[in-house]
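A.B. asks: Below, each chain spelled out in residue letters.
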Amino acid sequence: MERNLTHIALFAALIAVLGLIPKIDLAAGVPITAQSLGIMLCGTVLGAKRGALAVLLFLGLVAAGLPLLSGGRGGIGVFAGPSVGFLVGFPVAAFVAGWVMERTTLSPAVAATAASVIGGIGVLYVFGIIGMAVVLGKTLGEAAFLAGAFLPGDAVKAVIAGLVTQSLSRMRPASLLSRA
Amino acid sequence: MLTLTSPVETWAHRLAAGAKLAALAAVTTGLFLLTSPWALVGSFTAAVVLYLTGGGRFALTGLRQLAPLWPFVVIVGLWHLWTGDMTGGAVILLRMVTAVALANFVTMTTRLSDMLAVFERLARPLAPILPPRRLALAFALVIRFIPVMLERMGQIRQSWSARSPRRPRWRVMVPATLAALDDADRVAEALRARGGAG
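Going down the list, the sequences are from chains H and V. Using the working numbering, the first residue of the first sequence is number 1, and each one after it goes up by one. Using the working numbering, the first residue of the second sequence is number 1, and each one after it goes up by one.
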């Protein structure tokens, strides 16, 4: 019980830290915030349920008024802005990524990359695009066009999530709770 | 850690957090039902007046909180200039900016502890599966561990720089995640030794 709680809490803190550190050069010359990488890792490392709960805990603290979203954003206002769909999609994305990770027997690198693409891009963008369409009063197609700007960065992050998950599975096989 | 609560005390700081959130929910729903541009200009003006009752410094901080919206304002503005539907663009932008500004107002005038207390009260029906004490402990753990992990991230990046002429890239993510996993195990042991998570 305690172990579940601390894993959820510490990964919620990890998502926050990844949004607070200055944009790291994830790949050569492409500065992108690592926050959505944290969402992907919650799913691929903690598994579906714990991963989604970690993201929900993080969002709870954001809503309560901590400036933890990348760029120092936070408060209830972010849930009224154009990115609301992405925020609502975050826990679902982590859940789906974790679910995919739990259900396959592929090697951790391949499975985690695939899980991040399906959950952290596919599912997340569905929510994000609907949110942008509603708040900005655009059609789904127009909103999808706007969201496309984030696609290259998120594809890089999915690969990195796969590589990080693979390294963890080698260093601490037991720590990969999604495969426990 | 810094919160978004304004240090400038306003009259709204003294209102109950739950009441402010309920009012915000009602007003935001109303905003999305309004379609007349003049009604939205009215609500936008009301939001500006609301901020000004807190004084100049408070209003200025509020304005700065809206800065992340500007790319969307530009995109939607250009879009509607292009299609020629200026009224439609104004309706969308006024509604969005007003909704975000009002929500920010509640955040700026409510202390973090009060807001978390409301969340814990709202979660009370879930008590059989999520005891309130455990939720409170989870919030406290995250708040305590964010500075710890930020510092550790700094150390990891420094030790990378001490060994390599290249800039630290995604590889620093591995020790950072590993440290989070190890911390989680140790904190779990410590909690159990002190009576459990309740």
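Worth flagging that the hints you see were computed from the coordinates, not collected in a lab. We treat Cβ as the ideally placed atom computed from N, Cα and C, and that holds for glycine. Accuracy of the hints is not assured; some may be wrong.
What the hints assert, rightly or not - Straight-line Cα separation of at most 25 Å, SDA-like style, residue types lysine to any residue; simulated pairs:
no., chain 1, residue 1, chain 2, residue 2
1, H, Lys138, V, Pro68
2, H, Lys138, V, Thr83
3, H, Lys138, H, Val84
4, H, Lys138, V, Leu78
5, H, Lys138, V, Gly196
6, H, Lys49, V, Leu178
7, H, Lys49, H, Lys138
8, H, Lys49, V, Phe72
9, H, Lys49, V, Pro125
10, H, Lys138, V, Leu66
11, H, Lys138, V, Arg121
12, H, Lys49, V, Arg14
13, H, Lys49, V, Leu191
14, H, Lys138, V, Leu31
15, H, Lys49, V, Ile143
16, H, Lys49, V, Thr29
17, H, Lys138, H, Thr105
18, H, Lys138, V, Leu40
19, H, Lys49, V, Leu66
20, H, Lys138, V, Ala197
21, H, Lys138, V, Ile143
22, H, Lys138, H, Phe150
23, H, Lys138, V, Pro125
24, H, Lys49, V, Leu40
25, H, Lys138, V, Thr29
26, H, Lys49, V, Ala197
27, H, Lys138, V, Arg124
28, H, Lys138, V, Pro71
Claimed, not checked - Away from chain H, derived, C-beta distances all over 10 Å, residues of chain V:
no., residue
29, Arg14
30, Val76
31, Gly88
32, Ala103
33, Leu137
A.B. asks: Compare the structure with each hint and give your call.
C.D. replies: The hints, checked one at a time:
1. With a CA separation close to 19 Å, the supplied pair Lys138 (chain H) and Pro68 (chain V) stays within the 25 Å bound.
2. Proximity of Lys138 (chain H) to Thr83 (chain V) is assessed by CA-CA distance (about 12 Å); at most 25 Å being required, the pair is judged to hold.
3. Between the alpha carbons of Lys138 (chain H) and Val84 (chain H) the distance comes to roughly 15 Å, so the proposed pair stays at or under 25 Å and holds.
4. In summary, the hint linking Lys138 (chain H) to Leu78 (chain V) is supported, as the alpha carbons are separated by about 13 Å, within the 25 Å threshold.
5. For the suggested pair Lys138 (chain H) and Gly196 (chain V), the alpha carbons sit about 50 Å apart, so the restraint of at most 25 Å is broken.
6. Note on Lys49 (chain H) and Leu178 (chain V): the hinted pairing holds, with a Cα-Cα distance of about 20 Å set against a maximum of 25 Å.
7. About 33 Å separates the Cα atoms of Lys49 (chain H) and Lys138 (chain H), which puts this hinted pair outside 25 Å; it is violated.
8. As the CA atoms of Lys49 (chain H) and Phe72 (chain V) are separated by approximately 34 Å, the hinted pair breaks the 25 Å bound.
9. Distance hint between Lys49 (chain H) and Pro125 (chain V) is fulfilled; the C-alpha atoms sit about 20 Å from each other, no more than 25 Å.
10. For a cut-off of 25 Å, the pair hint linking Lys138 (chain H) to Leu66 (chain V) stands: about 21 Å separates their Cα positions.
11. Restraint check for Lys138 (chain H) and Arg121 (chain V): the C-alpha separation of about 37 Å exceeds 25 Å, so the hint is violated.
12. For the suggested pair Lys49 (chain H) and Arg14 (chain V), the alpha carbons sit about 38 Å apart, so the restraint of at most 25 Å is broken.
13. With a CA separation close to 22 Å, the supplied pair Lys49 (chain H) and Leu191 (chain V) stays within the 25 Å bound.
14. In summary, the hint linking Lys138 (chain H) to Leu31 (chain V) is supported, as the alpha carbons are separated by about 17 Å, within the 25 Å threshold.
15. The hinted pair formed by Lys49 (chain H) and Ile143 (chain V) meets the criterion: a straight-line CA distance of about 21 Å does not exceed 25 Å.
16. Proposed proximity of Lys49 (chain H) and Thr29 (chain V) is contradicted: the alpha carbons are some 31 Å apart, above 25 Å.
17. A threshold of 25 Å between alpha carbons decides the hint, and for Lys138 (chain H) with Thr105 (chain H) the separation of about 41 Å lies outside it, so the pair is violated.
18. With a CA separation close to 18 Å, the supplied pair Lys138 (chain H) and Leu40 (chain V) stays within the 25 Å bound.
19. For the proposed pair Lys49 (chain H) and Leu66 (chain V), the alpha carbon gap of about 34 Å is over 25 Å, so the pair is violated.
20. Restraint check: the Cα-Cα separation between Lys138 (chain H) and Ala197 (chain V) comes to about 47 Å, which exceeds 25 Å; the hinted pair is violated.
21. For the hint linking Lys138 (chain H) to Ile143 (chain V), the alpha-carbon distance of about 37 Å lies beyond 25 Å, and the restraint is violated.
22. For the hint linking Lys138 (chain H) to Phe150 (chain H), the alpha-carbon distance of about 18 Å falls within 25 Å, and the restraint holds.
23. Only pairs whose Cα atoms come within 25 Å are accepted, and Lys138 (chain H) paired with Pro125 (chain V) is rejected, the gap being roughly 38 Å.
24. Straight-line distance between C-alpha atoms of Lys49 (chain H) and Leu40 (chain V) comes to about 41 Å, which puts the hinted pair past the 25 Å bound.
25. Between the alpha carbons of Lys138 (chain H) and Thr29 (chain V) the distance comes to roughly 19 Å, so the proposed pair stays at or under 25 Å and holds.
26. Between Lys49 (chain H) and Ala197 (chain V), the direct Cα distance comes to roughly 19 Å. Compliance with the 25 Å bound is thereby established for this hinted pair.
27. Distance check on the hinted pair: Lys138 (chain H) and Arg124 (chain V) sit about 38 Å apart at the alpha-carbon level, beyond 25 Å; violated.
28. Restraint check for Lys138 (chain H) and Pro71 (chain V): the C-alpha separation of about 15 Å stays at or below 25 Å, so the hint holds.
29. Its beta-carbon lying about 17 Å from the closest one in chain H, Arg14 (chain V) satisfies the requirement of being farther than 10 Å from that chain.
30. The claim that Val76 (chain V) is not at the interface with chain H is violated, since a C-beta of that chain comes within 10 Å of its own (minimum 6 Å).
31. Chain H draws Gly88 (chain V) into its interface by the beta-carbon criterion, the shortest separation being 7 Å against a cut-off of 10 Å.
32. A cut-off of 10 Å between C-beta atoms contradicts the statement that Ala103 (chain V) is not in contact with chain H; the least separation is 4 Å.
33. With a cut of 10 Å on Cβ distances, Leu137 (chain V) falls inside the contact zone with chain H, its closest approach being about 7 Å.
Comparing the model with each numbered hint stated earlier shows that hints 5, 7, 8, 11, 12, 16, 17, 19, 20, 21, 23, 24, 27, 30, 31, 32 and 33 do not hold.
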